[in-house]
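Protein chains in written order, with our numbering: chain A, 219 to 485; chain B, 1072 to 1345.
Hint data in this document are derived by calculation from the structure and do not stem from the laboratory.
By construction, the Cβ of each residue, glycine as well, lies at the ideal position given by its N, Cα and C atoms.
Example chain A residues on the side facing chain B (calculated, C-beta under 7 Å, incomplete):
# : residue
1 : 300
2 : 304
3 : 325
4 : 326
5 : 328
6 : 329
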Amino acid sequence: MKAPVVEIRSLRVRRGGRTVLQVERLEVVEGEVVVVLGPNGAGKSTLLKCALGFTRPNSGEFRVLGHPVWPSAAAPLCALRRRIGYVPQMLAAHSEMPLTVREVAAIGRTGIAGLFRRLTRSDWNIIDDWLERLGLADLAGQAYAGLSSGEQRKTLIAKAMVQQPEMLLLDEPTANLDLFWREQIVDLLQRLHEETGLTILLVCHELEAVPPCCRRLLVLRDGRLIADGPPENVLTRQMVENLYGSRLRLFTADRRYAAVPVGEAFI
Amino acid sequence: MDLLFWAPVVCCGALAGASTGFLGTYIVGMRIPFLGICVSHAALTGAVYGGLCGLTGPMLLPPALAGAVIAALLLGTLDPQSSRIDSNVLMGILFSLTMGLAFLGLGLYGIYDISDNEVRSLLWGSLNFCRWSDFYIMAAAAVLEIVVVAAFYKELRAILFSRVHAAAAGVPVVPVWTALLILTSVVLTVNFQTVGGLMIYSLLTNPAVAAFLLVKGYGKALALSALFGLLSGLGGFLLAAATDLPTGAMIVILSSLLVGLAWAISGLRRRAGR
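Next up, chain A with everything else stripped away, as it sits in the complex:
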């Protein structure tokens, strides 16, 4: 039996006088690719932030990789985060400084190397290896800020992967990307799972961003888990209508999904 990497019991997160996330019970086991779907404001990003200890729940239990995220002191929380790769949602230019792609990827090894220690040759080999595997080797010396959004997203995935994480958390990694880059990222996630067997928790609101390796789909709405199961069971016409309105029709091919507008208004 595979070990659970995420365990949630009676979790409740309240912000600004309203419940933004309420999950009674949830377990994600090692090697699973779980996609969390839901409209804006459903609590998807809050779920990931709770997993990393960035958001403190009001009540309940949240264990990641066997350790409670809350209550947790700063040092154990840092140690836990080093075992989790995280690709956040926002892609705004973070720094005025022209950090190179290689330097941005190196952030992933910074916590692991520890305070008062330099990154070793072995750390830099891991960084260069992941840049090569993700097709970023030619851009290693380029300024991160000068890259396209898709290349930046890939660099952030490289930053997460150089941690050699036990779990990868991605918050809308295809948001604001064109179709070419969306497909590049979906292919990349598929390849990462095939090559490493990594547990992936992917938050998105587009059905098109669900990779074929996803065998479990969670649907959040208004902070509550309304569906949990294989994509073919969860993604029914009724669910798509419930989430996105009645003018969208669900299309499926080779374990990929798309919601396409239909009806008189779109003919």
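Starting from the known structure of chain A, fit chain B onto it as the hints suggest.
Chain B alone, transformed into the frame defined by chain A:
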């Protein structure tokens, strides 16, 4: 030129430029240049009240440092999300508050009939009156700067990119960020006493901006920014000596010219690359 008199002035100008330019890499890199002006004016407030308590000369340094550290820690530790106020707005509030408190203090000098000349000179600085004792204090702050940056070199690089990314990768952001804020307070307060609140702001911003326009990469940007700061401090003094114009103004103008030059070179490079 009386070399014995001017040698500490030249050394102080060059060191102020190099150490502030070096620090500016982080301040400009994180897009918080207003932190510099905010912290230096909080230092002025500290010095004003120190002076009211009868302190003079180098003894004004501890209250100035206390003001700067309090302001930096307030700005650095307040969470914009929980306070629902953007950090730039917070800096605006704190800046106006520290200036208000400083002017209130200066008003009290008049009421209690105490001379405020020494405290007022802090705003504009007194580079031409720097002595070796000032240089030693500035050198100690520069050594501290090098020690902190060397100790947290890779963590500061991560924080420079994004504090969220750094924290997510397991970097202990809070102690490193606090160390940077305290370092900022120390470097600005020490240099503020000699080169003045207005000039320090240009040395904090311009060398880093010029370096960012010309090079890619963390180490190169740090080194070039420190070099541009040093050139601004040293060149500004030499220009002032040659033209008999105010030293502070020459340093500010030279550092601004460096930004213009770097911007032009960067533009030419972009065109050549097309």
